[in-house]
Amino acid sequence: MTGSTSTRFTRVLGAATLLGTLWLFLFGLFLSPDDIIQRRGVRIMYVHVPSVWLAYLAFVVTGIASVAYLWNKTRSLVWDRIAGASAEIGILFMAVTLVTGSLWGRLSWGKYWVWDARLTSTALMFVTYVGYLAVRNLGGTHQQRAKRSALVAIFAVIEIPLVHFSVERWNTLHQEESVAKGKLQDMMLFSLFSGIVTFTLLYVWLLIHRQRVLAMQDALDDRELDRALIERRAEADAAAQPATTSAGV
Amino acid sequence: MDSSAAPVVELSDAVAVLGSFPVLAGVDLRVEAGELILLRGPNGAGKTSLLRLCAGLLPISRGRGSVCGLDLTTQRRAIRSRVGLLGHANGLYQDLTVHENLRFWGATVGASAQEIGAAEQRMGLAARLATVPVERLSAGQKRRTALACMLVRRAQLWLLDEPHAGLDAAARDDLDTVLIDATRSGATVIVASHELERWAGLAARQVEVVGGHLNPVRSTLETTPPGRG
Amino acid sequence: MSTARVALAIAAKDLRIERRSRVMLNQVLPFSGVVMVLFAFALDKANLLSRVAPGLIWMATLFSLLVMVQRSFAVETDDRAFDALAVAGLSPTGLFLGKSLALAVQLLVLDVVLVLLAVVLYETKIHGGGRLALAAVTIVAAVSVLAGIGTLYGGLAAGSKGRDTLLPLLLLPMAAPVVIGATRSMEAAFATGGIAMREGWAWAGLLVALGVLTTVGGALGFSALIEE
Amino acid sequence: METSFVLISYALTFGGIGVLAFGLMRRARQLAQRTTPEDRPWT
Chain A
5 MTGSTSTRFT
15 RVLGAATLLG
25 TLWLFLFGLF
35 LSPDDIIQRR
45 GVRIMYVHVP
55 SVWLAYLAFV
65 VTGIASVAYL
75 WNKTRSLVWD
85 RIAGASAEIG
95 ILFMAVTLVT
105 GSLWGRLSWG
115 KYWVWDARLT
125 STALMFVTYV
135 GYLAVRNLGG
145 THQQRAKRSA
155 LVAIFAVIEI
165 PLVHFSVERW
175 NTLHQEESVA
185 KGKLQDMMLF
195 SLFSGIVTFT
205 LLYVWLLIHR
215 QRVLAMQDAL
225 DDRELDRALI
235 ERRAEADAAA
245 QPATTSAGV
Chain B
4 MDSSAAPVVE
14 LSDAVAVLGS
24 FPVLAGVDLR
34 VEAGELILLR
44 GPNGAGKTSL
54 LRLCAGLLPI
64 SRGRGSVCGL
74 DLTTQRRAIR
84 SRVGLLGHAN
94 GLYQDLTVHE
104 NLRFWGATVG
114 ASAQEIGAAE
124 QRMGLAARLA
134 TVPVERLSAG
144 QKRRTALACM
154 LVRRAQLWLL
164 DEPHAGLDAA
174 ARDDLDTVLI
184 DATRSGATVI
194 VASHELERWA
204 GLAARQVEVV
214 GGHLNPVRST
224 LETTPPGRG
Chain C
1009 MSTARVALAI
1019 AAKDLRIERR
1029 SRVMLNQVLP
1039 FSGVVMVLFA
1049 FALDKANLLS
1059 RVAPGLIWMA
1069 TLFSLLVMVQ
1079 RSFAVETDDR
1089 AFDALAVAGL
1099 SPTGLFLGKS
1109 LALAVQLLVL
1119 DVVLVLLAVV
1129 LYETKIHGGG
1139 RLALAAVTIV
1149 AAVSVLAGIG
1159 TLYGGLAAGS
1169 KGRDTLLPLL
1179 LLPMAAPVVI
1189 GATRSMEAAF
1199 ATGGIAMREG
1209 WAWAGLLVAL
1219 GVLTTVGGAL
1229 GFSALIEE
Chain D
149 METSFVLISY
159 ALTFGGIGVL
169 AFGLMRRARQ
179 LAQRTTPEDR
189 PWT
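Residue numbers (the working numbering), protein chains in the order written: chain A, 5 to 253; chain B, 4 to 232; chain C, 1009 to 1236; chain D, 149 to 191.
In case anyone wonders, no lab produced these hints; they're calculated from the structure. Each residue gets a CB set at the ideal place from its N, CA and C atoms; glycine is no exception. Just so you know, nobody snuck in bad clues.
If you want the ones that stay clear, here's a sample from chain A, every Cβ over 10 angstroms from chain B, calculated:
| no. | residue |
| --- | --- |
| 1 | A19 |
| 2 | L35 |
| 3 | Y60 |
| 4 | V82 |
| 5 | I95 |
| 6 | R110 |
| 7 | W113 |
| 8 | W117 |
| 9 | I158 |
| 10 | F169 |
| 11 | R173 |
| 12 | Q189 |
So the derived list for chain A, only partly shown, Cβ under 8 angstroms to chain C, looks like this:
| no. | residue |
| --- | --- |
| 13 | V134 |
| 14 | G135 |
| 15 | K151 |
| 16 | R152 |
| 17 | L166 |
| 18 | V171 |
Work out the full structure, taking the sequences as your base and the hints as a guide.
Structural data, given as structure tokens:
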């Protein structure tokens, strides 16, 4: 996994993530017991729940990074890139959440999609952040992109509890907070916990690498600007010579 | 034209970027109050962008600049209220009449009815024309309406991009007298135009815009201008 | 140029343009009216219709909002008047409040018409002052939110290339809580769907809070969003 | 049916993550050739 954006820290993190993934496969698919009611279906939980946790975490990080960019004491394009990178990762986990959620729903409720509070607000958030990424590549200078995206992200983050609250009061049919009720056996809880830890490590690893890729992209844009500046000067000087009698610089 | 007052426009090594393209790559310019400047040069050289930079619309990415004594990097919005920019489009509301357009612009600066009436008079948009929706006006009449809006907004610096485009001969002469009249009453005018022969007699100073830079043009009328540094 | 004066000047200008060009009257109102009538045919059982009426009203409002926001900013960008507004250095807060006020007034007219249509077509009834007050508060609050987010995202999308597709993508998710809340409190006002008045007022309260949040947030955000 | 659903879920999840991570690494290598070390403050 060596590459230009890796450092010792990311390599250690990468190794830990791989280890965690194997661990999750082992426990999630084999070592943890079947559920009394859902039998093997419950194993989807070990990827679904961590994905939900990751998607919300990623979008909250995007919101915090956007506030950090807007606040002039901490304004720097690194925050903007973190916000962008985190939203991209968040959207992947959100998609995974929706797919695994509907598969699991098919098994436990017999229906792929139910107008349930959490499903609906997750789907709405997915669309909101697709809109956020659309705003991110509207063009303009990096500063314009950063300011515009930061605002849309902050409105989106304020939106999350609002959507959730309003849809929750509409009606709700979600798993009855299985983790909280403690009806899960210890082994299941342990597998679920290792899933969450692994996914969090994975998120940090992806975030660091993505931020650095964006940093190189921005540096390249600036590099192209300098090259174009030199070109323009040459073009001007060339044109200046014959046209006027005054000596060029 | 006393040059003791602060220059209306002062740019030193100003760079402005469109996307990632440096449309202005180090511009030096100094314009005194009441001057009428002609920007000449090929298309894509940066004439329009220079006008938008002076209007505070296009952010300055490197170098320094000030318009009407206000800093171009930090006080861009304050600059805008003192500047009128007339691009290829007139910035008018097609559905509204001439008078309604002027009343709207007057309302944003709190101009009085007399000021609006005076502007209509100055631009020859009296009674009959004033109640006609803008979309039914000729190009020349629309251009004069846009200039009237600038008058109503009490703009100190007039930035005109190809003002003669789409005008017939009569409307062009009409426009020239308006511009001269404006400079005499203290406004400063910068015009970007291709029609060099038209401007020879009028413009006090001509500046060549090429490759995002300015080269002063030796013109018969004036003494050696402050050339590029 | 105080913000209030700019806002009123812009709102008056937008409404005068609407009165002159009658886009709302000739296109948006008939469009949403037809939507309501078509639904009446599609779901011809009366009791179902009256239960669905509040949802239909707000769905028709939402889609009309998209058309009205696009018109509101097409007016500005036709002859690059938006640039002229920017050049005039008008306060963006004033610009935002003016545009959303004009949009809100038009949405209000639209919603009153839609409610009347619902009463006529779907035999829904609003008994007594309490329910009428709830319906009124709901409409005003929901309209202020929709106008706010419409103007905010309309302004953002106005300048960019893919603006026709960007606007719905940004606007619809943000409008979800409003449409849900407004539908619920209208159901209480229409006394269908078994929603108690108390819950109706709770939803109306949420809408009012959203209205304040959108207006304040929109005013703050608008200047940054449209800044060149 | 449960087994197939579970396997699909795992495959989609880790497949998606794999594609993202792999694409990221490829993009990083491409950009590395065109940027100079001082563009990469983290090295």
